[in-house]
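Enquirer: Chain by chain, the residues run as shown.
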Amino acid sequence: MKQNLVRSAVLGGLLGVLAGVAVMAAPAGGQDTAVKIDNFTFTPQRVTVKAGTTVTWTNQDDIPHVVASSTKIFKSKTLDTDDKFSFTFTTVGTYDYFCSLHPHMTGTIVVEAATGGNPAP
Amino acid sequence: MNSDQDDIRQRPSRRKVLECMTWAGTGVLWTVAGGVPQSLGLVGEAKAQAAAGLTFLQISDSHVGFDKPANPNALGTLEEAINKVKALPVKPAFMIHTGDITHLSKPSEFDDADRIISQARLDVHYVPGEHDFLDDEMKLYGQHYGRGTKGAGWYSFDAAGVHFVGLVNVVDLKAGGLGNLGKDQLEWLENDLKSRSASNPIVVFAHIPLWAVYPEWGWGTDDGARALEYLKRFGSVTVLNGHIHQIIQKVEGNVTFHTARSTAFPQPAPGTAPSPGPMKVDDAKLRSVLGVAEVTFKPGQQRLAIIDAALQG
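Protein chains in written order, with this note's numbering: chain A, 6 to 126; chain B, 123 to 435.
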């Protein structure tokens with residue numbers, strides 16, 4: 006389990022770099038978007054953003070949650086009440102995620118090209 | 123509680139005892155008579171039943187560190203529960219803790235839990251909840267309770283002719299899914315049970331319910347049915363879970379499923395609230411919400427009977 010976790014973290018980090026992650030840095034473009042975690046749901050559950058947008062999740066529940074990419078591209082630390090997690094999406098695509106503590110909680114971020122182009126699949 | 127009147131007459135202090143215990147949530151006390159575990163529901167009843175055979179206690183979901191409105195002092199209510207255990211007239215053989223020992227897996231939370239629970243001076247057999255693996259390296263639970271266990275912390279042991287199996291269904295959870303046992307653990311379980319006689323009573327305990335209590339809230343285990351398949355041939359199987367902070371029981375063939383209360387805070391009944399989050403009730407209402415449930419084995423009957431009784435109202 007521990008090995009898997011370490012591997013996941015490394016893989017996640019690697020993919021993160023490839024995807025041009027800038028969790029702490031200012032977004033390269035697009036507008037910042039907020040996703041609320043409330044009543045064990047991500048709201049809005051499906052968000053479409055332009056590439057370069059930073060999405061910030063805020064946990065408003067009295068129970069901790071973890072925002073985790075289904076393909077291990079990003080994963081937050083444990084978010085206690087009012088904790089936030091941000092991720093900047095620079096690459097066009099569809100990013101499914103879930104709460105790794107309560108996996109029935111799922112959401113999707115769709116990233117479209119910043120200027121023109123076709124919408125993400 | 124059909125025998126309530128008799129009990130009150132014979133033991134006037136019983137209602138008082140129950141009232142004291144309500145807020146703490148206490149635990150569910152189990153005794154095994156004739157190979158069939160029965161929940162006494164009330165710790166106060168232990169005295170009358172203790173001679174029947176193996177008696178053990180289940181506590182669950184202590185969420186040490188939780189300080190939100192539903193219970194600003196979860197450590198305090200755990201301590202209340204443990205104080206009740208300490209005061210038992212007849213000492214149980216051991217306790218099981220069905221997970222979510224801590225709220226955020228902080229070192230201080232594990233230490234506080236250990237400090238309080240050890241005051242019961244009982245062996246405690248733990249299984250983890252999802253709240254016990256929140257530290258970055260997922261190592262604290264193993265350091266505290268993992269000795270002699272396999273994988274993320276599963277194991278089995280025998281006591282008084284009963285085979286106990288502690289399972290872990292809170293790691294490697296899949297997007298969109300429920301609790302998860304995983305292939306390795308299922309293989310181990312199959313082997314663990316293989317050589318045992320069908321007449322050997324089995325008690326399985328894990329954090330998340332092994333059966334689908336309410337999948338819409340994640341209250342179930344994706345591959346729980348596989349585990350139950352291995353248990354089908356046994357004449358007496360009892361599955362004890364936590365996670366949902368309320369007593370729910372189901373009997374299916376030879377298998378009795380039962381979930382225990384939390385010592386920290388109540389959660390709503392399936393589907394009765396927007397989410398399964400901690401349920402805030404005022405102090406006066408709390409006792410009626412927590413209530414007490416007795417599960418009783420009646421001589422001549424193979425199945426356990428559950429009797430839910432609110433402490434007030």
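By construction, these hints were calculated from the structure, which means they are not laboratory data. Errors might be hidden in some of the hints.
As the list claims (entries may be wrong) - Computed footprint of chain A on chain B; a stretch qualifies when at least three of its residues, placed anywhere within it, have a C-beta under 8 Å from a C-beta of chain A:
id	stretch
1	290–301
2	326–340
3	388–399
To be verified - What the simulated footprint calls covered on chain B by chain A, stretch by stretch (three residues with Cβ under 8 Å from a Cβ of chain A suffice, anywhere in the stretch; the number is not a length):
id	stretch
4	183–192
5	235–245
We put the CB at the ideal spot given by N, CA and C, even for glycine.
Enquirer: All hints are to be evaluated individually against the structure, with a verdict given for each.
Expert: Hint check results:
1. Counting residues of the stretch 290–301 of chain B whose C-beta lies closer than 8 Å to any C-beta of chain A gives 8; at least three are required, and the coverage claim holds.
2. Note: the stretch 326–340 of chain B has 4 residues with beta-carbon separation from chain A under 8 Å; the three-residue rule is met and the coverage holds.
3. Counting residues of the stretch 388–399 of chain B whose CB lies closer than 8 Å to any CB of chain A gives 4, which reaches the minimum of 3, so the coverage claim holds.
4. Residue count for the stretch 183–192 of chain B with a Cβ under 8 Å from a Cβ of chain A: 3. That meets the three needed, and the coverage hint holds.
5. Counting residues of the stretch 235–245 of chain B whose CB falls under 8 Å from any CB of chain A gives 0; the rule of at least 3 is not met.
When the structure is compared with the earlier hints, a violation turns up for hint 5 alone.
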